[in-house]
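Work from the hints to combine the two standalone chains into their complex.
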Amino acid sequence: MSAVTADGTVAVEKSGIEGSYLTDGYTLRSWLLTTDHKRIALLYLAAITMFFFIGGFAAALVRLNLIVPQGLLGSAETYNRLFTMHGVVMVWFFLVPAVPVTLGNFLIPLMLGARDLAFPRLNLLSWYLFMLGGAVTLWALFAGGVDTGWTFYTPLSTMYSKSHVVLAATGIFISGFSSIATGLNFIVSIHRLRAPGMTWYRMPVFLWSLYSLGVLMVLATPVLAITLLLLALERVFHIGVFDPAIGGDPLLFQHLFWFYSHPAVYIMILPGFGVVSEIIPAFSRKRIFGYKFIVWASVSIAVISFFVWGHHMFVAGTSLYSAVLFSILSYLVAVPSAIKVFNWLGTMHKGFIRFDAPMLYALGFIGLFTIGGLTGLWVAALAADVHLTQTYFVVAHFHYIMVGGMVSAFFGGLHFWWPKITGRLYPEMWARVAALVMFIGFNLTFFPQFILGYLGMPRRYFSYAPEFQVLNVLSSAGASILASAYLLPLGYLVWSLLYGERATGNPWGATGLEWQTASPPPTANFVETPVVTQGPYHYPTPESMQLHG
Amino acid sequence: MASTVRQDFQYASPTHQAETAIAGMWLFLATEVLFFGGLILCWIYSRHFNAPGFDAGARQTALWIGTLNTAILVTSSLVYAIGLAFVRAGDTRRLIQCCLLTLALGIAFLGLKFGLEWRLDFAHHLFPADPYFWIAGSLSGGARLFFVFYFISTALHGLHMVIGVGLLLWIIRRARRGEFSPLYHTPVQVVGLYWSFVDVVWIILYPLIYLVGRGQ
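Protein chains in written order, with the working numbering: chain A, 1 to 549; chain B, 1 to 216.
Note that these hints are calculated values from the structure, not bench results.
Bear in mind the structure is a predicted one, so any value in this text is a computation, not a measurement.
We put the beta carbon where it would ideally sit given N, CA and C, even for glycine.
A couple of the hints might just be wrong.
Pair by pair, the computed Cβ-Cβ distance ranges are [stated by the list, open to error]:
1. A:Y461 with B:R174: 57 to 65 Å
2. B:Q216 with A:Y160: 47 to 55 Å
3. B:L211 with A:Y461: 23 to 31 Å
4. A:T35 with B:W26: 21 to 29 Å
Just chain B, with the same shape it has in the complex (with noise of 0.2 Å):
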């Protein structure tokens, strides 16, 4: 099974395809810069003119648990890395572990997130749809808008991970096949990059979430 690597009729050679693969996630990855940045834009636009609000949205914010996350995600990251070294090395059972690893903080990360803490939201009455919107007053505007922001981001920021818990299970289904090898890992550093893009936007998001704003 060391002979899989992968060559379709339209490449030179098999280095040509995998180069290739990569530079098309680095475009998809632009692509992406664009869907979050309009986002965000959007965000701090709105932040701009009404700040108080925002700032009252930000303090119901569960800092520990995005704190706690952002740890957890970063750690994701640097495991996966080190998974990419070992199967460059040849080592394709501590790729198989290392992957394992990041798919529990991945979920761990999703179970804190959306198990957790969007629950204690719903019970804060902090939905911006929610008739009895905790915070009422002049503030409450600024304040809705805000969370308008935040389960927006954080639901398409989990899609992403959910995509990314998905293309883990694949790399290592693949792996426990055998078909990577120091001279074809080309799915194991593209799905990479996507996972540490995905990482990047959630280091984006959590100062806008839980600490701008949030010592006023």
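This is chain A alone, in the form it adopts within the complex (with noise of 0.2 Å):
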């Protein structure tokens, strides 16, 4: 263990390596037994990593299907287990936990100036549900697959599917109270763990979107759960909730799904606004611009996210006067998200702005977002979205938040943070080209879907019109090129971990807690507990450059 001394110090600062919580155990089970927040951050890594390629690798496959009209892979059926695979990879095994469970794992304590998180063996316990949740879920989606889509829509799903959806439902179940048992930490630790002087509002707005996303983690996440296990039991008994030959209700699946699924969608996003939020005033030298209205817009998309699940059941059926209820209740999410928006940009405004990689995935960031939060505008209108609905349009839209958004902010962070990670630094140049191909790759993948869902391309379709196919041709050419862009920091960043040079304890001179002690730092985080006088990020204003310049 590591009872860091005053000599101690001295040592971590010199050599940056030493005494690190990467050398503090070596063996197998110092990692896999850890209660360090830091190293179960890293096995997520590993973890969502894996997953993420095996979504990426079936996203690939429908993308390759998709260059010929009458579809490359020869069979329906697989191309429906493809697109499951990819759905329900990517949504719970990365989009849902990437960054809280890696970076906000790892930053949580940090930033709060702690030692760890509250219950760190319930932290590890979180990592073995995962594990455990995407082994049965894989299990299913290799042992012949899923193939109802990653909603699992009733009654296809209860009655008709011929597929693994009792094993795969299964396995997001347990991957559940992963998700739960990790909101639950994150918020008891940030009403816990703060240290001396750090009072909310000194709290970085990290901080903040995970807390948020902690309340819908720990919200709705049960509420998926009854859901899956009434599916599972109505498909095991073949009699059940969502059975209407005995009076039940298929209708009412979708709105408990939903109820889930609408927050998630926010779960996946909203750290993705607290990584924006760090890295934008670290690369502008200047204090975020209206600190307040981020981090309350930040709540109030959290409390706002519970309300809107019906914009998904427009043409379910449903009754004119919910859908218009609904319409208007999704256009109330649009205020807070633009605050956002704004706000980033009146952060840059003046700034001394650095293009470093971080930035430009924050930059990406913001432009993506926006087209993609526009675009939901348009989906939320209930007249357009009956034309829209079921189409290219929707993919494109909401790809746009989530891959555009999300993933971009996930790299822009694990950038950032990378030499506070590991102690080393990564390679600008090539960072700096991934970044950019990948803002390419995205758009020459995702803006033709919108084209041709507004032309009438449906979603989930193996075969197509061939008059869609030179846009499709396009889309899966840049899913070639955005293929690379995620192979290539997968390459560096490995490289960097052998090869990189060591970076001190704050190689960008940004504020906030975490960048104030070594890199990598010491298992226990701080030598001495640190005390908070000031707000998170009290970069010089420009008035007092003014006077020195």
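Now the structure itself:
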């Protein structure tokens, strides 16, 4: 263990890597039974990287199939299983956990000025639950697959599907407990483990967004759990709640499913907001603009997200009254989202902007998220949605949020905190190239899908009308560029682990408690518990710069 | 052994850690509320559209077992709360006795519920997937739906009870080792919150299963 003394501090600062959490035990056991939040974050990072590439591989095959109108894979059954696999793996085993369990796990105690999360053993348990759930779901997906789409709509999933629905649902059910444990740990830690002087309004925006995310995880995930349980039991016993033959209601499943899955969209994007809110002030050398507006925008997005699920069901046979209500409520989400975008722009205004890789990712995030958000208004409009629903327009819309937004933010955050996590600098030039290639590849992949959807190409079909081929080929070409942009960081980040330049404690000159300890941090995070005396982004104001300059 | 006050290195004091553990359990119970809440919402929603069938189902339930079980469970929570008062006063022996009584009441509940009531239900062809389901005709569908909810909710509640029994055994074991004192008895409080919550779930399930629509 690390009984860090005053002497130890000096050693840490000199050589960087000695006496860190990475050197605190080298055995497999010291990793698999660790309760250190930083090591658990790395366990998670390995796991979600694996899931990301599995889900990505399924997407690659989907795009491969769509190069020709009659489908290249030769089987609609196979195609159904591929896009289901892509959706299930990406949603539950990458997007939902990605930022919170890796960067969140690593940074929450550091940003709070604490030594660990409130419940370190629960944190480890949540990793094992995640791995168990992931293993069960992967088993289902590789032992024949699931053909219902990631949404598991009844009665297809309960009565007609001939695939491994129960097994896949069981895996998701188990990993749900991992989500709940993580969210609970985050909320309690933020309430209880703030360093002396760390008031709520002195917390970095990242913490506020993870707090909002925790609330969603704790309150929405159990509803998915009970829904999947009802679904699985109905499938096993051939009788149940969603069976219209005995007076049940298949539409009830959609209500329950989206009561979880719409907040889950914000589970996916909120940490992205948090990451970008850290990167932009650091690379603009400027205090964040409208701090309180940004944090309350996160909280209000979390609250509103519980009241918009009905917009997934405009054409499913809900009443006009509820559809109008859900449409208006969905428009409301645009307000806090726009507040965030304008505040990031306001932060950059008159800042000293540096275009390092994390900033490139963050700028990509703003652009792509804005397009994704604005097209969300189209599909929230009742009349437009009747035309656009179930088309590629919807696919493009949520990929702009999930991939363009969330995955960009994840990579931005990973680069930003990579020196802190590993103690090594990544190769800057390669990282900038990857960020640019990702932006270009992403737009080439998904922008044609807006047009395809607008022209009426339905989603989830194995074949399509020949006049859509050019746009589909463009999209598939974009996907291959995107794939290379994902493989690049895998290469150079691993390279940097061995050959990267040693990082100092604060290579970016950023504010925030996590930058005030060594890189990589010692097991106990801080040699002395920090005392916080000011807000999170105390960069010099433009006025004081003029004074000195 | 009196100084087994637990304090992990991220906490400022044992009190800080104890209060955090209790906060964690409350938040976990919020999750549970949404879990059972989803089920109960489906129940009420389905009942609204199939009231006569649900009523016919409710009339087949064993009211006396349900009522007895309610009394047993509420008593068990009371006994546990008394045990908590004892450990606060420093009387670990009485705490153990209270836990043992709580345990016995919990096992009695489980015995009545699954050993007797479920057995009777299966014997009377009330299992909804039973091809010889007892209630035929136009009410059959709604009644089957009622018993879908009945079996799922009692099974889930029973599972929570079994976990609770496990937790009680853990508390008894630690109490016998002398780990609890007026200064440190956080696990006793945390398990008490859980046990009372499971009790409250039953208090909501009891009218839903046995009372609503019975007189129709």
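Could you see if the CB distance from A:Y461 to B:R174 stays within 57 to 65 Å?
holds, 60 Å
Is 21 to 29 Å right for how far apart the beta carbons of A:T35 and B:W26 are?
holds, 23 Å
Mind checking the hinted window 47 to 55 Å against the Cβ distance between B:Q216 and A:Y160?
violated, 36 Å
Outcome of range test on Cβ distance (B:L211, A:Y461; 23 to 31 Å)
violated, 51 Å
Checked against the numbered hints above, the structure breaks hints 2, 3 and satisfies the rest.
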